[in-house]
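Visitor: Residue numbers (the working numbering), protein chains in the order written: chain A, 1 to 867; chain B, 1001 to 1867.
Note that these hints are calculated values from the structure, not bench results. Be aware that a few hints might be false.
Straight-line C-alpha distance at most 30 Å; calculated DSS-like pairs for lysine-lysine [as the list claims (entries may be wrong)]:
id : chain 1 : residue 1 : chain 2 : residue 2
1  : A       : Lys-840   : B       : Lys-1811
2  : B       : Lys-1786  : A       : Lys-677
3  : A       : Lys-867   : A       : Lys-840
4  : A       : Lys-807   : B       : Lys-1807
5  : B       : Lys-1546  : B       : Lys-1414
6  : A       : Lys-232   : B       : Lys-1752
7  : A       : Lys-229   : B       : Lys-1833
8  : B       : Lys-1229  : A       : Lys-706
9  : B       : Lys-1677  : B       : Lys-1729
10 : A       : Lys-306   : A       : Lys-288
11 : B       : Lys-1706  : A       : Lys-781
12 : B       : Lys-1833  : A       : Lys-811
Number of protein chains: 2
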Amino acid sequence: MKKFIYFFNEGNKTMRDLLGGKGANLAEMTNIGLPVPGGFTISTDACSEFYNHDQKIWEELKEEILQNIKKLEVETGKTFGYGENPLLVSVRSGAAVSMPGMMDTVLNLGLNDETVESLSKMINNERAAWDSYRRFIQMFGDVVREVPKYKFDIIMDKVKEEKNIKTDLELTTEDLKDIVRRYKDLYIREIGEEFPSEPLEQLLDAVRAVFSSWNNSRAIIYRELNEIKGIKGTAVNVQSMVFGNMGDTSGTGVAFTRNPATGTKEIFGEYLMNAQGEDVVAGIRTPKKIETLKETMPEIYEEFLKICKILEKHYKDMQDMEFTIERGKFYMLQTRNGKRTSKAAINIAVDMVEEGLITKEEAILRIDPKNVEQLLHKNFSEEGLKNAKLIAEGLAASPGAASGKVCFDCECLKKAKKGILVRIETSPEDIEGMNIAEGILTIRGGMTSHAAVVARGMGKCCVSGCSEISIDEEKKEFETRGIVIKEGDIISIDGSSGKVYLGDIEKTEIELSGAFEKFISWVDEKRRLQVRMNADTPKDCATGIKFGAEGIGLCRTEHMFFAEEKIWSVREMIVSNTANERKNAIDKIYPFQKKDFFEIFEIMEGRPVTVRLIDPPLHEFLPKTEEEIKKLSELMHIEVEDVEERLESLREVNPMLGHRGCRLGITYPELYEMQAKAIIDAALEVKALGIKVTPEIMIPLVGSDKELSYLRERIEKVIDAIFEEKGEKLDYKLGTMIEVPRACVTADEIAKKADFFSFGTNDLTQITFGFSRDDAGKFIKEYVEKGIFEKDPFVTLDQEGVGELMKLAIKKARTVKENIKLGICGEHGGEPKSVEFCDKIGLDYVSCSPYRVLIAKIAAAQGAVRK
Amino acid sequence: MKKFIYFFNEGNKTMRDLLGGKGANLAEMTNIGLPVPGGFTISTDACSEFYNHDQKIWEELKEEILQNIKKLEVETGKTFGYGENPLLVSVRSGAAVSMPGMMDTVLNLGLNDETVESLSKMINNERAAWDSYRRFIQMFGDVVREVPKYKFDIIMDKVKEEKNIKTDLELTTEDLKDIVRRYKDLYIREIGEEFPSEPLEQLLDAVRAVFSSWNNSRAIIYRELNEIKGIKGTAVNVQSMVFGNMGDTSGTGVAFTRNPATGTKEIFGEYLMNAQGEDVVAGIRTPKKIETLKETMPEIYEEFLKICKILEKHYKDMQDMEFTIERGKFYMLQTRNGKRTSKAAINIAVDMVEEGLITKEEAILRIDPKNVEQLLHKNFSEEGLKNAKLIAEGLAASPGAASGKVCFDCECLKKAKKGILVRIETSPEDIEGMNIAEGILTIRGGMTSHAAVVARGMGKCCVSGCSEISIDEEKKEFETRGIVIKEGDIISIDGSSGKVYLGDIEKTEIELSGAFEKFISWVDEKRRLQVRMNADTPKDCATGIKFGAEGIGLCRTEHMFFAEEKIWSVREMIVSNTANERKNAIDKIYPFQKKDFFEIFEIMEGRPVTVRLIDPPLHEFLPKTEEEIKKLSELMHIEVEDVEERLESLREVNPMLGHRGCRLGITYPELYEMQAKAIIDAALEVKALGIKVTPEIMIPLVGSDKELSYLRERIEKVIDAIFEEKGEKLDYKLGTMIEVPRACVTADEIAKKADFFSFGTNDLTQITFGFSRDDAGKFIKEYVEKGIFEKDPFVTLDQEGVGELMKLAIKKARTVKENIKLGICGEHGGEPKSVEFCDKIGLDYVSCSPYRVLIAKIAAAQGAVRK
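Build out the structure end to end from the sequences listed, making use of the hints.
Guide: Structure below.
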């Protein structure tokens, strides 16, 4: 016959799948000799078998439970639900991964009219015994038999009203006995039968309820949302009760082996004497700090310290524990790896390496790179948040916390010393404003909207898609939850939670500890993948260098054009009808460009800088308002109607698939020639200052080797002419972005003409899937909900599709040019899973926003360690 | 020393690359014993060497030319440019492929003041001799030394004016001598030296001019336009002159071995007695039909017949020949494969197979599939075109000829019995009108615009992109070349040439000969690839079946929706906000859909029918005018503002990459469920009539296997329910379109869930390249001109990119499901090169518009034969 039940000493921590996390840890603690109240675990196998038996406890399982209860009676010397020394048990669910939503806990199971009296004597407190009994009936009725909880509350309230008292604590033993009677009546009315006094009946019913709760809708939704798959069910832990409320030498508490907020190596927790577990959480009595136990019960404290040490050594991680002291005897009720802040995680990992508890590699794997982002941004202080008034919630688009005056445009931001830019949605024209804003709040747009992407790039806090706000642009105000906020009013936004608050809120400062530096040095030691940044301005560069960026992987030249002074020349260029008009406009841009490049090369001090030649989303540059059109017509000395006609002819049905990237470079060759000249001229000037400079010129949106060779030839000609004219040379590279599926498929041909490839996975994802980021919002959420997509492919790189194309491209490119430099510069370059994938498929570097450099480094190191 | 010159008996027809086409054929004819005037060929190697010598005739080549002239003198018994019996030669260029633009011919080279007298005696016609001399000076001056031709004409005209005569024929010998003198003076004035009387000098200069002309701009442009690559230069043929103008037993002519218009097996051509080649073409005298030679010179005629037979047997193809009779002796001057009409091509190929001259396989390869299209459409008669007034030219978007009343909308077309739809551009709303129009004329849009694609699908004549026309929609008229055409005026359009004429023009009828049927039977015998059609209506089906379509590869359901009665329900469906509203609208569509499917299944009589579930280009369906919006608001009982708001929310930035295809099927499951039900209900009804039916349901735009399995499950459920309800079953297939790069990359996973794949190469091309058909117009032409694209990838499948993805998909799919059925249903399915590629990569079928079925069949057979 198959074994479904394991006594605690029959299991161990490796048996999570079968015993659940809780059961495996109880077994483990038992086996390493820690004081754990006896008990057994009904396995997850039993849970799935339960569903084969029409959701009934079948005869064999019942028999096995009975055998184990008997074993437990022998071990404890108590009798289950009878006599002077009754065995009471707790029943707890526990799957292989922690999962809210299922039935949780029933305590004091085994209580009935007889054992409540024995308990009363055991703990020498009649009131407490009856209170336990009352709670047991309520808990059992509620969680096991689904009697609505509020009906119990009504009875309780009624008694209090009758007695004219306010708090539970004022209830007398007699009151409690009365409540128990009334609860039992309620139970009969609701269920149609008497409350079970037979303990075995109570137990079997509780086990059945736990198993059933595995498939209640809350649990199912939780598993779907958290993508928990391949788990066969929950286990049930049946454990003999110990009592922390048996007088002054009894107590109960929770503790961590280290400080979960800071990581400091100190026991951290709290406890209550003469209390049960519930009381610690309930907040009726104020628990004491764990250190005080040293004075009140020094031996117990010593024992506990020893146990902590044993557990940490055993689990090699900080532990989160529950314990009970019953009449001076210490019991461990639970242990598990403790949750912690990012700061604590780093400090603990570094300490544990230095204590010899774990290796550097293990330490690296301990840190969730995503959480590191917290450390790099300001956050609202806990204190500050306590009194803050929440006025809206949107998407947590770019982490950090900011407070400032509400501004609807750039003018306002310039005047306000600190401003929050509030827009329906942003467009590239808002770049200047975004740059000076403290934070950005948008009404429309998702996690990959313009506002979100740009804000992350700037390391600026952003809440996007905050649709409950409605803006009245004329009145310069917005309305949310019945409150009207006017321009100049102060709000605070939290880009890590998506919350918007009224008024100013205190913030915590950023501090990167010595441990953090040590950790990053290990990361740098272990990783193979280089990490560059996407940076368009000297300011970005400075930030990225601070975080250890090893170069620029993507310097977008079109962003440089959005500043007020330059955008008009760009508009002229786009709207030009003749090569001559165009040349005029381009000539105006050249000095700006050269200056931009000079500043960037200077600050990058010889680190490689990949400049992408312009890939303007034409429609974003075009003038929109009448006013703008008029201004352009004046600048160009042509009629307004003429400008309008040209604008109309530039309109594209699918701008994403339009006349852009290298296609523009080919039809308007003056453009790329000017940019190449600006890059090389600037580089030569920087070189003349004795600063090393290594420019890499990148052609965007190449789909055919012939596009690249056509442009390469022209650009080389321009550069050769400069070298000749100045009598000075310079090493430079000329490569291409791979962002069109055809480029992947023909990567061998393209590689012949390219010194490097950089995968532009933003566009590559859009085009490979055949949906644009702007439009996919309408179905992508539903796709994720329906399980068609595991994750949003714009956030985490789609390894099966886009990744497969990348692998194909890499293979083809390397057959032609073994040492071709390969990188990635899409948003994925800063997403940990994607970075690890890039490491695995053999890229040389990833490039991400400056604020994600450290995240990418950690992910790269984790990839290297796992290999 | 390297040999650069080949005497005619040293070459043969395989030496085209070295001797050029003309030289190789002259050598071949010489070697098989045909009477060819002696001569030699200066090779293409010499041409490329010429460019290594600074475009000069270098010493060794000069020496070699001299040697060969001596050899020719010995062979002919004449002396070059001297004495009583002077050797005169023609100098002709001739590259490996025929190529206009280069210097063509200089005749009578070797004439000077001395030899003109000898010639005069030889031909016994002083006037003719001096006329030849005059022509030689002009020809030499013009083509060899670039003296502008008009300057010679001015002299000629002046002499005629002085003599008060009108035609050249009236010029006397003395006049001609005068002209020769004046021509020589002109030559001195222009060139600064005397006209060369030394024949070797003449010859070397002529050879130099031929070689130089290889790189004149006209020749370069011609090579670019016709994609002629990898040819090293032109050869020069130097051949001793024979004279057709030596009296009544001399003559000259051109002939074909068969009738090039009809293919009839009969010598076809014309000749002139006592004339030189030029005279036949010049049109001054009327040439006689070749048959009359039988009476005038029966022996010569017999000899010619024999030569024709030899040449056809030798070249295994119909020949186009030039000949000269000099004093009763017959000479062949040239032979080459003759150009012919499509009709002749078929008849000749079939006849030649029956004559045992060529194999069926060779016959199949002889036909250019593209030209077969001519045979399937009406054309304007030659007679009719002679008097037609051309009023505009656009793109030849869909072949055929049509005449009718100008109509700007559907209303007008309904009233006019025969109407030509004239629109700025068409949209799906025009489908009804396009369907009843005789032909379609649009102002905007290219070869793949909506009008062009739909018209080709309908087999309807269309001229698109006719930008010189400007429409005034209010006045209901258009203007072109200064003419105003009003609604109701009659015009004629030629979709094979892109020309637009005023008034009605007579048309030729379509007739497919018995030979054609025989030819197609061979095609069917040899091909492996099946050919289906893209057809949405019973009318399409009937056409396709007539041309031998073996099923429907693509039945687009969205086109079915454009009829007036249905489009409103579709609009309701799209604009619906709730599942309920949507269900209502969809229920209205169901009966229409079932009827459509019923009719198609019925007419297809068991041939497979692939129905693509709806992939609506949402924006094309949406109401646009105020009126339409109002009507929709009434239909749906909602406010106009409400409709407008919903329309706004449906607006997409990139409709091509938007919420369409199976994405709609997933978010609005009711839609595909209704369609599946309509298909199966209709199929069961057809089956009940005793007609076989094999529906294949196709899901569009799948990019992930999970999309397909999600939909497959739902559709199967619907179908199973029908089967259960009706107690009747039916075989059906459920497959997917492969039109997104990700589908190719993950084809193995997708194949597990699909019974078949159909490559939708229209979208696959757009998405693989990352540019949309609508927007690529702005640069694709320039790409082709600049040589970045060899061909427009929307016309001819891009084998290196899109084709490579297809191969990848096929390989992946077949590893999982060896016998999965694979087809293509993009526009490429009817383009010969693409069809051959589809055969090569192992597809099972291609699907194309009904009118292209035969083209596809021939291309498929050619592919099979070449393998």
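Visitor: When you check the alpha-carbon spacing of Lys-840(A) and Lys-1811(B), does it fall within 30 Å?
Guide: Between Lys-840(A) and Lys-1811(B) the Cα gap is close to 25 Å, so the pair holds against 30 Å.
Visitor: Do the alpha carbons of Lys-306(A) and Lys-288(A) lie within 30 Å of each other, as the hint requires?
Guide: holds, 20 Å
Visitor: Can the restraint linking Lys-229(A) and Lys-1833(B) be considered satisfied, given a maximum Cα separation of 30 Å?
Guide: Violated - the C-alpha atoms of Lys-1833(B) and Lys-229(A) are around 49 Å apart, more than 30 Å.
Visitor: Does the structure keep Lys-1677(B) and Lys-1729(B) at a Cα separation of 30 Å or less?
Guide: holds, 13 Å
Visitor: Holds or violated: Lys-807(A) with Lys-1807(B), Cα cutoff 30 Å?
Guide: holds, 17 Å
Visitor: Would the pair Lys-1546(B) and Lys-1414(B) pass a check requiring their Cα atoms to be no farther apart than 30 Å?
Guide: Roughly 27 Å separates the two Cα atoms, so the pair holds.
Visitor: With the threshold set at 30 Å, check whether the alpha-carbon distance from Lys-1229(B) to Lys-706(A) stays at or below it.
Guide: Roughly 16 Å separates the two Cα atoms, so the pair holds.
Visitor: Regarding the pair Lys-1706(B) and Lys-781(A), is the alpha-carbon distance no greater than 30 Å?
Guide: Holds: Lys-1706(B) and Lys-781(A) sit about 15 Å apart, inside 30 Å.
Visitor: Please work out if Lys-232(A) and Lys-1752(B) have their alpha carbons no farther apart than 30 Å.
Guide: holds, 26 Å
Visitor: When you check the alpha-carbon spacing of Lys-1786(B) and Lys-677(A), does it fall within 30 Å?
Guide: holds, 23 Å
Visitor: When you check the alpha-carbon spacing of Lys-867(A) and Lys-840(A), does it fall within 30 Å?
Guide: It holds: about 8 Å lies between the C-alpha atoms, which stays within 30 Å.
Visitor: Within a Cα-Cα threshold of 30 Å, do Lys-1833(B) and Lys-811(A) meet the stated pairing?
Guide: Since the Cα atoms of Lys-1833(B) and Lys-811(A) sit roughly 29 Å apart, the hinted pair holds (cutoff 30 Å).
Of the hints listed earlier, the one the structure fails to meet is number 7.
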